[in-house]
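Take the sequences, apply the hints, and build the full model.
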Amino acid sequence: MTDDAVAKLQALVRIPTVSDRNPANVDTAAFDAFLAEHERLFPRLYAALELTRVGTHGLLFRWAGTSAARPVVLMAHLDVVPVDETAPWRHPPFSAEIHEGAVWGRGTLDDKGCVVAISEAVERLLEQRLTPAQDVWLSFGSDEEVSGTAALEAVAELTRRGVEPWFVIDEGGAIAGDAFPGIKPPVGAIGVTEKGTTSIVLRVEGRGGHASTPARNGPTARLARAILKVDRSPMPASVPDTTVELFRRLSAHAPLPLRPLMGNADRLRPVLTRALVAAGPESAAMTRTTFATTTLSGSPALNVIASSARAGINVRVMVGDTVADVVAHLRKVIGDKRVHIDVVEEGEASPVSPVDDEAFRLIESTVVELFPDAVPAPYVMMAATDSRHFTTICPRVYRFAPFRMSKAQRQAIHSYDEHLGIDDLRTGVDWYQRLIERLPPT
Numbered sequence: 012m013t014d015d016a017v018a019k020l021q022a023l024v025r026i027p028t029v030s031d032r033n034p035a036n037v038d039t040a041a042f043d044a045f046l047a048e049h050e051r052l053f054p055r056l057y058a059a060l061e062l063t064r065v066g067t068h069g070l071l072f073r074w075a076g077t078s079a080a081r082p083v084v085l086m087a088h089l090d091v092v093p094v095d096e097t098a099p100w101r102h103p104p105f106s107a108e109i110h111e112g113a114v115w116g117r118g119t120l121d122d123k124g125c126v127v128a129i130s131e132a133v134e135r136l137l138e139q140r141l142t143p144a145q146d147v148w149l150s151f152g153s154d155e156e157v158s159g160t161a162a163l164e165a166v167a168e169l170t171r172r173g174v175e176p177w178f179v180i181d182e183g184g185a186i187a188g189d190a191f192p193g194i195k196p197p198v199g200a201i202g203v204t205e206k207g208t209t210s211i212v213l214r215v216e217g218r219g220g221h222a223s224t225p226a227r228n229g230p231t232a233r234l235a236r237a238i239l240k241v242d243r244s245p246m247p248a249s250v251p252d253t254t255v256e257l258f259r260r261l262s263a264h265a266p267l268p269l270r271p272l273m274g275n276a277d278r279l280r281p282v283l284t285r286a287l288v289a290a291g292p293e294s295a296a297m298t299r300t301t302f303a304t305t306t307l308s309g310s311p312a313l314n315v316i317a318s319s320a321r322a323g324i325n326v327r328v329m330v331g332d333t334v335a336d337v338v339a340h341l342r343k344v345i346g347d348k349r350v351h352i353d354v355v356e357e358g359e360a361s362p363v364s365p366v367d368d369e370a371f372r373l374i375e376s377t378v379v380e381l382f383p384d385a386v387p388a389p390y391v392m393m394a395a396t397d398s399r400h401f402t403t404i405c406p407r408v409y410r411f412a413p414f415r416m417s418k419a420q421r422q423a424i425h426s427y428d429e430h431l432g433i434d435d436l437r438t439g440v441d442w443y444q445r446l447i448e449r450l451p452p453t
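Residue numbers (my numbering): 12 to 453.
Keep in mind that a hint or two might mislead.
[Unchecked claim] Computed cross-link-like contacts, BS3-like style, restricted to lysine-lysine with a CA-CA straight-line distance of at most 27 Å: (1) K343 <-> K418; (2) K240 <-> K348; (3) K418 <-> K195.
Please keep in mind that the hints were generated in silico from the structure rather than gathered at the bench. Predicted, not measured: the structure shown is a model, and the values here were computed from it.
See the structure below:
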């Protein structure tokens with residue numbers, strides 16, 4: 012059965028379901044083909060579960076359990092980001108070839124691996140005629156990579172039906188190898204919250220004119236100065252409770268000199284904060300809201316002074332900060348009223364899901380059962396997932412993909428050489444199966 016899962020993942024990775032913020036640029040035929048292939052590969056799922064279509068190509072399945080009192084939602088998404096044709100992929104990104112014991116291709120990790128693992132686990136349990144203790148919902152989005160509407164429509168459908176999930180699991184964490192320097196065991200990283208994703212445009216307007224007669228402090232100069240001020244003036248750093256708990260759990264596995272710091276992280280937060288900031292950008296991002304200037308625009312020609320200059324900033328809002336805090340910080344550090352601050356996409360940090368809780372302990376114990384060498388721990392997820400929308404109807408939203416991922420694999424997500432180990436896919440199927448089997452009766 013699990014060997015079938017490998018072939019199924021290959022079949023679905025070969026369909027280039029690339030999403031785009033402009034619907035006119037989306038190859039809807041590819042998404043149609045994906046849905047048709049998914050139904051062909053998982054016939055029991057479609058025959059036994061109730062299906063509601065959401066968005067353009069999203070899927071929402073209901074698997075009726077013995078009780079509907081504490082329904083569970085398992086999430087994944089079928090769309091992928093575009094491929095950079097100039098990137099040095101070792102194997103064609105939509106070929107789904109098998110090399111070195113892994114399936115290679117765009118979407119293997121993000122997030123068709125989870126689509127297949129969830130679907131295969133349900134298919135296997137249906138073959139065994141199992142009825143879950145609780146209703147199990149499968150929510151497969153089709154536009155997660157562009158912050159689309161499919162997940163929102165799934166939430167709206169569940170709300171219309173009066174469904175209040177006991178817990179939700181989406182992509183995000185993993186069995187992460189080489190997660191922290193000096194920590195030998197892999198970390199079973201379970202996201203209990205995620206940073207908010209906010210998009211801001213800095214905009215400066217001016218008269219423009221001929222490049223032969225430039226004036227001081229034109230739009231581009233003002234904008235450049237503002238960007239440098241933002242880059243040099245980060246928001247205050249701190250260590251949230253979730254990160255304190257993460258380090259507490261890892262402390263026993265840390266090098267001896269670091270154990271007192273990690274084990275007493277709550278009392279030594281200022282010291283830990285400074286250490287994380289000094290360790291580099293990845294660890295520093297665990298402590299604060301981040302700003303990344305990603306787009307620039309100005310004059311349409313080299314001999315024309317720009318009448319409007321713009322810079323796009325991607326902001327990841329830390330737990331404890333708000334979008335209002337971000338805007339206030341930008342106004343203060345830029346200190347120039349002629350630099351307009353436009354919030355074009357607003358996303359607050361997600362609420363923190365409980366750790367000392369029956370639902371988390373169920374997920375955690377299933378991690379321990381399938382990955383006995385890993386240290387399960389909560390963490391703050393840096394990226395955004397569709398699950399953030401489910402926090403409006405569920406207080407227990409977790410982010411965990413049950414796959415072993417090396418540091419190189421994690422770096423390949425949204426980059427090149429994305430791949431998922433065959434044995435890791437098989438274990439992922441087993442993990443979802445065990446989680447469903449272990450749902451407690453009410």
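Just to be careful, I want the Cα atoms of K343 and K418 compared with a cutoff of 27 Å; is the pair within it?
violated (37 Å)
Given pair status - K348, K240, alpha carbons within 27 Å:
Roughly 14 Å between the alpha carbons, so the hint for K240 and K348 holds.
Pair hint outcome, K418 versus K195 [Cα-Cα no greater than 27 Å]
Judged against 27 Å, a Cα distance of about 13 Å means the pair holds.
Violation of the numbered hints given earlier is confined to hint 1; every other hint is satisfied by the structure.
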